[in-house]
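Undergrad: Full structure from sequences and hints, please.
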Amino acid sequence: MEKEILNIAISGEEKNKNEIIYNNIVEAMESLKMSKDDQIEYLKTKVSDMEHQYQNNILILVILVISTLLLCLGLYLVATDEFLLGVILSFIGFALAITKLLTTIKKDNAIRNKKYMELESLKNSLSSLLK
Numbered sequence: 373m374e375k376e377i378l379n380i381a382i383s384g385e386e387k388n389k390n391e392i393i394y395n396n397i398v399e400a401m402e403s404l405k406m407s408k409d410d411q412i413e414y415l416k417t418k419v420s421d422m423e424h425q426y427q428n429n430i431l432i433l434v435i436l437v438i439s440t441l442l443l444c445l446g447l448y449l450v451a452t453d454e455f456l457l458g459v460i461l462s463f464i465g466f467a468l469a470i471t472k473l474l475t476t477i478k479k480d481n482a483i484r485n486k487k488y489m490e491l492e493s494l495k496n497s498l499s500s501l502l503k
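My numbering puts the first residue of the sequence shown at 373, with every later residue one more than the last.
Keep in mind that a hint or two might mislead.
Claimed, not checked - Distance windows between CB atoms, simulated:
1. 389 / 433: 23 to 29 Å
2. 456 / 497: 52 to 58 Å
3. 447 / 471: 18 to 24 Å
4. 473 / 422: 27 to 33 Å
5. 497 / 473: 26 to 32 Å
6. 497 / 410: 18 to 24 Å
7. 437 / 400: 19 to 25 Å
8. 407 / 447: 43 to 49 Å
FYI, nobody ran anything at the bench for these hints, they're computed from the structure. Cβ coordinates follow ideal geometry from the N, Cα and C atoms, glycine included.
TA: Here it is, written out as structure tokens:
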């Protein structure tokens, strides 16, 4: 299997790893002969994805806190001999957390844009090399 050689351009003016990555992404866009409209569309897609991920992370955090509270309440009820109600609350808390995590993963996989897969793979490669 032939490996593609990845050339990383560093000018020395970059302040951090992210600047190096994005400068290389911009150069890759130019070498792929992407128009300015395509570049703007890519950036809009990235910003939209980041906003979506942020909203999902906040929602997951809220759901996990609620699920943890339900699990704790359920375990407390089991400890105080309220077995049926305690087990029901524990299962609801567990099911709520698992369901939300699975639906979020499913949505994230469906949203990924196939159009910019080459740029994303370049970004991921650069990020892993510069760690």
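Undergrad: Each hint: holds or not?
TA: Hint check results:
1. 389 / 433: 23 to 29 Å: Since the Cβ atoms of residue 389 and residue 433 sit about 27 Å apart, the hinted range of 23 to 29 Å holds.
2. 456 / 497: 52 to 58 Å: 54 Å, holds
3. 447 / 471: 18 to 24 Å: Given range 18 to 24 Å: holds, Cβ gap about 20 Å.
4. 473 / 422: 27 to 33 Å: The hint (27 to 33 Å, Cβ to Cβ) is violated, given that residue 473 and residue 422 are roughly 20 Å apart.
5. 497 / 473: 26 to 32 Å: Distance hint for residue 497, residue 473 holds at roughly 28 Å.
6. 497 / 410: 18 to 24 Å: 21 Å, holds
7. 437 / 400: 19 to 25 Å: Violated: the Cβ-Cβ distance is about 41 Å, outside 19 to 25 Å.
8. 407 / 447: 43 to 49 Å: With Cβ atoms ~59 Å apart, the hint is violated.
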